[in-house]
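Input sequences plus hints: build the corresponding full structure.
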Amino acid sequence: MYGNAYIDPNEKPKSILDGEDPIKLAEFEARIARGEKIEPKDWMPREYRKQLIRMIEQHAHSEIIGALPEGTWITRAPGFKRKMALMAKVQDEVGHAQLLYSAAETLGKSREEMTNDLITGKSKYSNVFNYPAYTWADACIIAWLIDAGAIINQVANAKGSYGPYCRALDRICTEESFHLKYGHDNVVTLATGTPIQRKMVQEALNRWWPPIMHFFGPSDKISNHTEILMRWKVKMATNDDMRQQFLNMYVPKIWDLGLTVPDANLKKNEDPDNKSGGKWDYTEPDWDEFKRVINGDGPCNAERLAVRRMAEERGRWVREALMNKNEKYVLPLA
Amino acid sequence: MIKSLDPRITRENIEENYTIAPLVPMDNWETYEAFHQKKRGDQHMHVGIVHAPNPEMALLFAKDQYGRRGVTANIWVVKTSQVFCTEYEDQDMFETTPEKVYREAGGYKVMDKINKYKKEKNA
Ligand SMILES: [Fe+2]
Ligand SMILES: [Fe+2]
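Residue numbers (the numbering used here), protein chains in the order written: chain A, 11 to 344; chain B, 2 to 124.
These aren't lab readings, by the way, just hints derived from the structure by calculation. Among the clues, some could well be false.
Unchecked claim - Listed next, the stretches of chain B that the computed footprint assigns to chain A, with coverage defined by at least 3 CB atoms under 8 Å from CB atoms of chain A:
| no. | stretch |
| --- | --- |
| 1 | 26-38 |
| 2 | 47-53 |
Said to hold, decoys possible - With the Cβ distance kept under 7 Å, some of the chain B side facing chain A (calculated, not the full set):
| no. | residue |
| --- | --- |
| 3 | I15 |
| 4 | D93 |
| 5 | F95 |
Ideal placement from N, C-alpha and C gives every residue a C-beta, glycine not left out.
Put into structure tokens, the structure is as follows:
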């Protein structure tokens with residue numbers, strides 16, 4: 011599960027193409043323009059490699075960390091069937107992380123380095139997982155709406171230019187359809203249930219709405235940088251476009267269940283004369299909170315990293331015992 | 002100590018701020034390329050990699066990663082370092098003559114010849 015790569019807005023993209031070979035760059039761009047994929051050993055601009063590593067790595071970390079708030083509900087999921095389903099979903103998410111780490115590795119950053127950067131807080135992951143899942147209904151809202159958001163992002167990125175990332179995403183998207191259906195089924199069960207169940211799911215939706223609106227990230231600054239990343243098919247849609255797509259697909263489904271969305275300004279703008287006609291109006295999310303949380307000060311940041319660090323530390327002796335000192339690491343092929 | 006909503010995490014007594022020694026190269030072992038066969042009679046298809054310390058564990062991890070959904074008849078793993086590949090920059094070596102009808106059944110029009118022969122014979 012994943013929103014969109016978080017790029018520090020203060021980072022200066024000035025020298026993106028400095029020193030790149032103009033002929034190779036032109037061939038590279040022509041290949042992408044023809045709709046061909048870039049493969050690991052192909053020549054690529056530094057900035058392409060750097061942004062892809064950042065993006066795929068953040069995506070992988072999000073899958074791993076996202077398994078924590080959901081995994082915690084496995085033993086308490088109501089009934090055997092839901093326990094089995096949630097276990098399968100969490101196992102899928104961890105599998106997604108493995109696929110994505112592999113894709114990032116082909117670009118030259120080892121899995122050990124990525125894990126180190128996650129544990130020390132140097133690398134980011136999707137901000138939504140810094141919030142807690144208080145009740146079973148929170149776990150259901152995550153499975154339905156956070157996965158829905160992730161699917162919008164992943165389907166878009168699967169049409170990107172980097173072969174290994176696209177292949178990983180194709181596998182991931184196939185698996186996500188079960189997550190979405192499972193989540194929707196759980197939310198429908200609660201929303202069509204007893205008054206207590208309805209209240210529980212409405213409260214969970216109210217809690218998760220702000221993180222969901224944050225999910226795709228702040229509006230993209232229209233910069234040369236964004237323009238280049240879109241031309242290179244690293245970024246496939248703007249954050250705002252994906253947010254609109256999400257609202258358009260899921261707000262009607264939420265309303266259909268008689269649930270409310272905690273934003274009085276949320277409505278589809280049907281005015282054809284208005285230039286945002288057909289788009290959704292909403293209250294601008296609190297981006298100060300988003301920045302505060304993504305930089306470490308959210309309700310669960312410390313716990314998420316501590317749990318990940320503990321797992322790494324306590325499993326180390328096993329990995330060391332199995333290590334073969336004579337083997338040499340080579341980059342995975344695809 | 003981390004206090005979590007999940008009592009099992011709280012019980013682990015995890016300290017909040019401490020660092021562990023960073024992972025060293027090969028901590029996650031080397032990689033194996035995995036090949037998956039859906040059903041008997043199909044070709045094995047390359048599906049991705051697993052990190053593993055030996056072939057037995059590579060097969061176990063590949064079963065979890067690539068065989069946990071749908072159907073599987075068989076899985077192969079091979080060390081990445083043991084795979085030999087052509088280079089993409091040499092892709093043009095696969096381009097031979099653009100005219101390859103001589104390799105195809107459609108390139109051979111025997112009936113035309115037979116009919117011509119019969120026509121001339123009967124003339
Ligand atoms: Fe996922
Ligand atoms: Fe998912």
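(request) Return the status of the interface hint for I15 (chain B): holds when the least beta-carbon distance to chain A is below 7 Å, violated otherwise. (result) 5 Å, holds
(request) Under 7 Å, Cβ to Cβ, is where F95 (chain B) needs to be relative to chain A, so tell me if that hint holds or is violated. (result) Hint violated; F95 (chain B) Cβ to chain A Cβ min 15 Å, cut 7 Å.
(message) Cut-off 8 Å, C-beta pairs, minimum 3 residues; does the coverage of the stretch 26-38 of chain B by chain A stand?
(response) Our answer is that it holds, as 8 residues pass the Cβ test (under 8 Å) against chain A, meeting three.
(message) Tell me if the interface restraint on D93 (chain B) is satisfied: Cβ within less than 7 Å of some Cβ in chain A.
(response) Result: violated, 13 Å to nearest chain A Cβ.
(request) Check whether three or more residues of the stretch 47-53 of chain B sit with their beta carbon closer than 8 Å to a beta carbon of chain A. (result) That given contact holds, which follows from 6 residues of the stretch 47-53 of chain B lying within Cβ reach (below 8 Å) of chain A.
Comparing the model with each earlier hint shows violations of hints 4, 5; every other hint is respected.
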